[in-house]
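Visitor: Residue numbers (the working numbering), protein chains in the order written: chain A, 13 to 381; chain B, 13 to 381.
Quick caveat, the hints were computed from the structure, so don't treat them as lab data. Warning: the hint list may mix true and false statements.
[As the list claims (entries may be wrong)] Partner residues are not named here, just some residues of chain A that face chain B (Cβ under 7 angstroms, in silico):
hint : residue
1    : Lys-188
2    : Thr-189
3    : Ala-235
4    : Gln-253
5    : Gly-273
6    : Leu-274
7    : Trp-291
8    : Asn-294
9    : Asn-315
10   : Val-316
11   : Phe-318
12   : Ala-319
Heads up, the beta-carbon is just placed ideally off N, CA and C, and yes, glycines get one too.
There are 2 protein chains.
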Amino acid sequence: MNTPAQRSAFAPLQNDTFIRACLRQATDYTPVWLMRQAGRYLPEYRATRAQAGSFMGLATNTDYATEVTLQPLERYPLDAAILFSDILTVPDAMGLGLSFALGEGPKFAHPVRDEAAVAKLAVPDMDKLRYVFDAVTSIRKALNGRVPLIGFSGSPWTLACYMVEGAGSDDYRLVKTLLYSRPDLMHKMLRINADAVAQYLNAQIEAGAQAVMIFDSWGGVLADGAFQQFSLAYTARVLAQVKKEHEGVRIPSIVFTKGGGLWLEEMGQLDCDVLGLDWSVNLAKARALVGQHKALQGNIDPNVLFANPAQIEAEVARVLDSFGTPHTGAGSGPTHIFNLGHGISQHTPPDHVASLVQAVHAHSRKMRS
Amino acid sequence: MNTPAQRSAFAPLQNDTFIRACLRQATDYTPVWLMRQAGRYLPEYRATRAQAGSFMGLATNTDYATEVTLQPLERYPLDAAILFSDILTVPDAMGLGLSFALGEGPKFAHPVRDEAAVAKLAVPDMDKLRYVFDAVTSIRKALNGRVPLIGFSGSPWTLACYMVEGAGSDDYRLVKTLLYSRPDLMHKMLRINADAVAQYLNAQIEAGAQAVMIFDSWGGVLADGAFQQFSLAYTARVLAQVKKEHEGVRIPSIVFTKGGGLWLEEMGQLDCDVLGLDWSVNLAKARALVGQHKALQGNIDPNVLFANPAQIEAEVARVLDSFGTPHTGAGSGPTHIFNLGHGISQHTPPDHVASLVQAVHAHSRKMRS
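Looking at chain A on its own, in the form it has when it is part of the complex (with noise of 0.2 angstroms):
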């Protein structure tokens, strides 16, 4: 485990660039980082993959999970790093058996629908967690200040979609069923798992995480008011429950709802620093609703990515433009995290990576001049 004495010897940071703009400080130039940034559209992460053997082997070793975190960092200037991990390690600790199947999704051996197997469910001892924590410590040491990391958890909402659909699913008939025909144990497992990602989150901040991330993947595949229920208020849950610094320094979150596009105005009320939006959400509306209490990071459509370079730069600057410029003065403003509107492809050429961030930090400081 970390002393403090160990943790205040991380190397100060370098580039706060996205630190700034989570905190809604004016920058030189839009920060950019990429969702799943570390992944499968490297040929050198396909590499480390195969020496670890599996998605799991990567993830539960600090050294491979180091390097694949550092290896796009490597290749293009990014703004951030991402801790590799899964969404799904906080139910795997809650015993629920997770396994990654070749080619196929996640699977959870023992998935919970029914009142028995809601009564199992309690916050796991985040000591099984442990080489998610090592993993943050040692990713921080390696970036010596260059990047800040960003620690992440899925939402409470997404992790009880796969705890009872036990895999991925295309109608999410099990958990609406739970949720609509058993509301009780639905929120039951809810409050366990905002106790769970809170402490889990919390963890990572004090490992190294210099800002946090809740991936509510599947937040938009609820109905209007399902939503505010059952994924919107335990987000709010976690968020009261996190860190809002570390040390004497602020620790930015962010909530990115996938398909949250028409719940912005109260999402716009969740204590958290930052929301993340899809391709489908309008920048300059979405700024209007919400830019006044939150940065807004996005929102790019990952298969922009398959043009060519000269159309990702049209639509890069499309996208900058369409936030407009940003707060530039002293005190805090609008402002913007470029990012994709959700995990880059496995298909993403990587030279057209480079192509977009070299576009987003040139057109972003011709936006401020």
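Based on the hints, put chain B in the right spot on chain A.
Guide: Below, chain B alone, put in the same frame as chain A:
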């Protein structure tokens, strides 16, 4: 083919509640029908399908198509029937070779992915779709004026998704790659699709369809900006060509974009009578945005049907109440057509559908008193 004399021999409409609500006229209760109401959740449907041997065997046989269209009306007092067919009949008639493998979705033998394939596309001879128009006439006759018959088509963009991907997709990578890298080809394909869809819907109207619906099932996967250019503009192109009346009778038109809730204001400008909404949309907000110009259709989560009847009733009341009391006087005003937010699940217990339909009729009568 049908002569005007034959068509005028159609029985007079007894239950015009759905048509009146489409045209924003007062009704005694809120009409209800369900997307995919003739389908696999009904044992009698599964029996007919087993006789027909395949999905397209059902859809292309006039007697079978008539039989399954009427099946849900025998069980439930629904206020409209919808033609039993598939959204992919038009690209099939273009020569793309549609098939349905058992347990899988639709597949095209000849997907459209390059300039040469786009160059070969043309509005198909409507005679190749005669089986659809024959089914429309047969169903209209069999309905004998009980409730109106809705005809339908996929939207130009939704057809293009399948035409390029060649099947369903979870990332729309191929169609979006074409969109971002060769927008000229995409626009060409969409123009052809739009003109084909317009001819297809007009032929359904001539054959006896009393309302038409455009399913933009995949409009919601587009980025803001791309949606307006590549989906909405071509839905508008269809609507500009679709008959507004036939033999002196108004033919209402419905546009449903799954995941299109963020673009409701722009969709409110479409030249159609009704906007269909999925469950993510708040009906009160939607009514405030577009209620003066359009009737609204939707939007309960189909998964509510897995709860018990008392819970179904409560959710039905919540959806009806969120729209609020519809227009009840003379002239036109805000009206609501109850529906699911997407197609009914094949796993739905048929008795639960009876509870839903009963609850819609009972609660909506109470709201008006």
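Visitor: If a hint holds in the structure, say so; if it doesn't, say that too.
Guide: Do the hints match the structure? See the list:
Residue-level restraint check for Lys-188(A) holds (minimum Cβ-Cβ distance to chain B is 4 angstroms; threshold 7 angstroms). Look at Thr-189(A): its Cβ gets to within about 4 angstroms of chain B, closer than 7 angstroms, so that hint holds up. Below 7 angstroms, beta-carbon pairs count as interface contacts, and Ala-235(A) has one with chain B at about 4 angstroms; its hint therefore holds. A cut of 7 angstroms between beta carbons decides the hint on Gln-253(A): the least distance to chain B is about 28 angstroms, and the hint is violated.
Satisfaction of the interface hint for Gly-273(A) is found here, the shortest Cβ-Cβ separation to chain B being roughly 5 angstroms, below the 7 angstroms cut-off. The criterion of a C-beta within 7 angstroms of any C-beta in chain B is met by Leu-274(A), whose closest approach is roughly 5 angstroms, and the hint holds. Hint status for Trp-291(A) relative to chain B: holds, with the closest Cβ pair at about 4 angstroms, below 7 angstroms. Hint status for Asn-294(A) relative to chain B: holds, with the closest Cβ pair at about 4 angstroms, below 7 angstroms.
Checking Asn-315(A) against chain B: minimum C-beta separation of about 4 angstroms stays under 7 angstroms; hint holds. Among the interface hints, the one on Val-316(A) holds; its C-beta lies about 5 angstroms from the nearest C-beta in chain B, closer than the 7 angstroms criterion. A distance limit of 7 angstroms between C-beta atoms decides the matter here; for Phe-318(A) the minimum to chain B is near 4 angstroms, and the interface restraint holds. Hint status for Ala-319(A) relative to chain B: holds, with the closest Cβ pair at about 4 angstroms, below 7 angstroms.
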